[in-house]
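> Sequence:
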Amino acid sequence: MGVWAGDRLVGLAPFCRERTRSGARRLRTLGSPEADYGGVVVAPDVVGPVSRLLAETLYEDRAWDVLWMPEVPEEATASHRLLTHFRERGMRVLVRGSCTCRVSLPASWSEYLSVLSPPTRRRLLQKARRLEELGARVVRCESPSDPSAGVEAFARLHTEQWTQKGRGSLLLNARQIRFHTLLTAALAKQNRLDLCWLQVGRSVHAAVYDFRFGKSVYSYLSAVDLRHLQRLSPGILLTLWRIRAAIEDGYSWYDLLRGEEPYKATLGARPYPTYTYQVVHPKRWRAWWYLALGPLRERMLRKEAAARPGAPGAGSGPAEDGV
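Per my numbering, the very first residue in the sequence shown carries number 1012; after that it's consecutive.
Misleading hints may appear alongside valid ones.
To be verified - Pairwise CB distance ranges, derived in the manner of DEER restraints: (1) Leu-1105 - Ser-1125: 41 to 47 angstroms; (2) Ala-1074 - Ser-1263: 36 to 42 angstroms; (3) Ala-1197 - Ala-1276: 29 to 35 angstroms; (4) Val-1104 - Arg-1213: 50 to 56 angstroms; (5) Arg-1151 - Phe-1190: 18 to 24 angstroms; (6) Trp-1015 - Pro-1293: 27 to 33 angstroms; (7) Gly-1034 - Gln-1241: 42 to 48 angstroms.
To be clear, the hints were calculated from the coordinates, so they are not data collected in a lab.
These figures come from a predicted structure and were not determined experimentally.
Don't be surprised by glycine CBs; every beta carbon is placed ideally from N, CA and C.
Make a model of the complete structure from these sequences and hints.
This is the structure:
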């Protein structure tokens, strides 16, 4: 759903419609649950009127019963304003809090290291030196204009990692690989893609799938070889070196996205609140049936999330036990 002011696009509500198991017609943010930071996008100078118009339009739309917006960041003003207008119209808004983890990047690498605890800093640097002695190097995708080979290589490592852990991968089938091939090609054309490997000789021991926007680098997915060099934490070290590159390139944030896995705190990340919203339309009987099944649905969602390791945050980071 788009909002235009003349020939200027000033608002975008990127929802798709689906049927739930209970039969409810649900709108959800495009990309969810595999992507974080859902919600609506509105030009800053028209947040008030556009969010009100979106709420009015959605309220009158008879084609949905419930609306789901997961992982909305605290600073997403337009999304929170939209929800305020929903409440004003008598809609029930259910909220569940969670967080993403971000590293605030200082001006220099030495400043970043000084933020880490002395024992953590010492262990990280010792392991980094050991990997460098083994000839480890960070390699970016060789064909940024055509990253399909890089995506396939990343998918193999990611799938191997989660297969060894007895769970599936986000990049398990051809449809998912095709989507990420198209996405990485688009990001590469805008010089926003960082698809990187940590190699020792010809062997790949870890990989990251990052992209850049504004003042942030987003660590969307990572993968690690669970069979070799685990004592040296190659996944964590690759992320550490990517943080260094982000500092040297002048970025302000390295965003590790959803979840509070221990390795994120090891690297100096701090939690930032996000919110998952479910909006129940007051004039739809399916919506109230959906609401009545809430406790059962929550258990099913938690079970599905636990079985979906490839999504950002949800266990998708380096698999080492720490440093």
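> Hint by hint, note whether the structure agrees.
Here's how the hints hold up against the structure:
1. For Leu-1105 and Ser-1125, the Cβ-Cβ distance of about 42 angstroms falls inside the hinted range of 41 to 47 angstroms, so the restraint holds.
2. At about 41 angstroms, the CB distance of Ala-1074 to Ser-1263 agrees with the hint of 36 to 42 angstroms.
3. The hint said 29 to 35 angstroms for the Cβ distance between Ala-1197 and Ala-1276, and at roughly 33 angstroms that hint holds.
4. Taking 50 to 56 angstroms as the suggested C-beta distance range, the pair Val-1104 and Arg-1213 conforms, at roughly 53 angstroms.
5. Between Arg-1151 and Phe-1190 the beta carbon distance is about 21 angstroms. The supplied range of 18 to 24 angstroms therefore holds.
6. In this structure the hint that Trp-1015 and Pro-1293 lie 27 to 33 angstroms apart at CB holds, the actual value being about 29 angstroms.
7. Between Gly-1034 and Gln-1241 the C-beta distance comes to about 47 angstroms, which sits within the given range of 42 to 48 angstroms.
Consistency note: the structure conflicts with none of the earlier hints.
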